[in-house]
Structure formats: C-alpha cells, structure tokens
Amino acid sequence: DHRRLGQDLDLFSIQEDAGGGLVFWHPKGAIIRHILEDSWKQTHLQRGYDLLYTPHVAKADLWKISGHIDFYKENMYNQMDVEDEPYQLRPMNCPYHILVYKRKLQSYRDLPIRVAELGTVYRYELSGALHGLFRVRGFTQDDAHIFCLEDQIKDEIRGVLDLTEEILGQFGFRNYEVNLSTRPEKSVGSDDIWEKATIALKDALDDKGWGYTVDEGGGAFYGPKIDLKIEDALGRKWQCSTVQVDFNLPERFDITYVDSHTEKKRPIMIHRAILGSLERFFGILIENYAGDFPLWLAPTQARILPVTNNEAAVL
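Residues 1 to 315 (the UniProt record's numbering) are what the sequence shown spells out, left to right.
Derived by calculation from the structure, the hints in this document are not laboratory data. A couple of the hints might just be wrong.
[Stated by the list, open to error] DSS-like mimics (lysine-lysine), calculated; alpha carbons at most 30 Å apart, straight line:
| # | residue 1 | residue 2 |
| --- | --- | --- |
| 1 | 104 | 64 |
| 2 | 229 | 73 |
| 3 | 104 | 41 |
| 4 | 104 | 265 |
| 5 | 237 | 28 |
| 6 | 229 | 264 |
| 7 | 102 | 73 |
| 8 | 73 | 208 |
| 9 | 102 | 196 |
| 10 | 59 | 41 |
| 11 | 196 | 104 |
[Stated by the list, open to error] Label-pair ranges, simulated between beta-carbon atoms:
| # | residue 1 | residue 2 | range |
| --- | --- | --- | --- |
| 12 | 27 | 102 | 34 to 44 Å |
| 13 | 53 | 207 | 32 to 42 Å |
| 14 | 10 | 266 | 23 to 33 Å |
Just so it is clear, CB atoms sit at the ideal spot from N, CA and C, and this is done for glycine as well.
Start from the sequences and build out the full structure, keeping to the hints where you can.
Here is the structure:
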C-alpha cells in the first residue's frame, strides 16, 4: 500500500491541519518528483514542445467561455471575489494554453504548435472518495496541447503514442490496455471531421502495432479519444495516458490560423497526458517497486559508511 510505504519511507503525507486530499511532498519524495519533472521536460523539449507555466486561478468568465461552469461545475471549487470580480481555481489547463495560442495571429506555416505544462489543478472531491495519492483534491497533470491542421492529425497522434511509449518505458511499463472511444450520440463537430479524426486515431494505433478495443459511442462529446492503462508488477491495471481530439474548445474560444489563401481557418486541438497525475503516478511507482526504486530514481543513491573511528572523523 503506497500510503503505508509513503509514511515508512518518509516520502509524502496528507496533513489534516491543511485539509484532506492535499499532498505534502517530503524531501525524499520531492527529490523523486524533481527527477521525474526534469526528465519529462527534457524529453518534451527534444520532441518539439514549448514549455509553459500558467496561473492557478482565472476570472470566472474564462470558465464560462470554456463551458466548465455549465458542464463541470460540481467538480470546481466555489468562486472567490477579487475586487468585486469572481475568480475560480482551475480544474483544467486547457483554456490557459488556448490563451497562449491566441496571443498572436498564427499561420498554417506555424502549425503544428505543441505546448506542454506540469500544471497543478484543483477538483472538488467528497472526503469519502479521497484515497492517498490516487484520489486527491489538488494534483499536477503532465498536460500538453497540440494545435494542428486536419491532415496533420495522424502524424501528431503517432508522435504522442511514440512519446508515451518512450516515457512509460523508462519506468518499465511496456504492457498496455488500449481503448479507442468513438462518437457518442450527443456531440459537436461535423460528420466529416469526426470520421477523419477517428480514422487518424485508428491508423496511428495500427502503425504502432498496438491491439486495442473499440468503445463505440464512448468518446467525449467534443471528439474521439485513446486511453491507455498500464500494467504494474502485480498485474494490476492503471489508467494513465490519454489522447483526445477536441472540436469544441477551438469553436468556443474562436481560435484560428491563416491558410495559404490568407483565409482564417479553425485548427484541430489535441489534448494529451502521459503520466496523468504526478501524484497518482508516484503512488503507482511506490506500489510497483514496493518502495525499492531503481537507482536513477532513488532519492538516496549512495552512502559512505565509515569502517573505523579515524574515517568517521574525516567524514
């Protein structure tokens, strides 16, 4: 149990004085997190992603535009007043990345644009649902968004799958359960773009040679998606990685690019996470390794032990 190992190894804690579901990373756990984050950032820079840091709160109006207040309000914390204007903690990073995209006029020559962030989000959970690192109220997602053309979807999805395989493989996770979820009854976007996106996801999976199960009608209302479950040393499966095509937020935020005929067009937006939540993934690692982390990830990698009192004096 990662909760017991986390306490025994002094990796993390949940402090009731601060509140349930809020994680305190202790020095040893913080070292492991630093190693994880540093490796993640370097890998993404090498893969053509730009790194972002964005605020933890925003005006409530932003969450109205994104649709979160209408469709996700029960998972959000109450609004706070700042100089008579309502603000809210973010439950997701997507709108922030869109604002970065919208800061200037984009050309088709600029696409694809890939942005990534280790962004902390806050979601309301009932106290009875909280469970160690697996179900918390504040957590950090390894979030990324890709803005691309329709004919770039397949290559970008394939690139995400390659990156997922590389990063998860660093931790010894090479067995996946893959699900492809298709268009539900209620959805946004044209039949044509749904078909193109779904075919692109299927082709990318076929190119990887990964077996997968099709969940007909199980996609999000805004686009089809691929979900990966990893298998740990005990044969248990954990939901971590996801790749989702989004036709909704580009419309809501009216994001565009200028095509070769100087006309404004709507880009395709891809959401993706590989580790999912750093907290949850850390919990999985603790249980997978039973606390015996590989050398490169271990918080204490070497110790010098004196043999005699003379050496002890030097040390």
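Results for each hint:
no., hint, verdict
1, 104 - 64, "holds, 22 Å"
2, 229 - 73, "holds, 27 Å"
3, 104 - 41, "holds, 25 Å"
4, 104 - 265, "holds, 15 Å"
5, 237 - 28, "holds, 26 Å"
6, 229 - 264, "violated, 38 Å"
7, 102 - 73, "holds, 25 Å"
8, 73 - 208, "violated, 38 Å"
9, 102 - 196, "holds, 25 Å"
10, 59 - 41, "holds, 28 Å"
11, 196 - 104, "holds, 28 Å"
12, 27 - 102: 34 to 44 Å, "holds, 40 Å"
13, 53 - 207: 32 to 42 Å, "holds, 34 Å"
14, 10 - 266: 23 to 33 Å, "violated, 50 Å"
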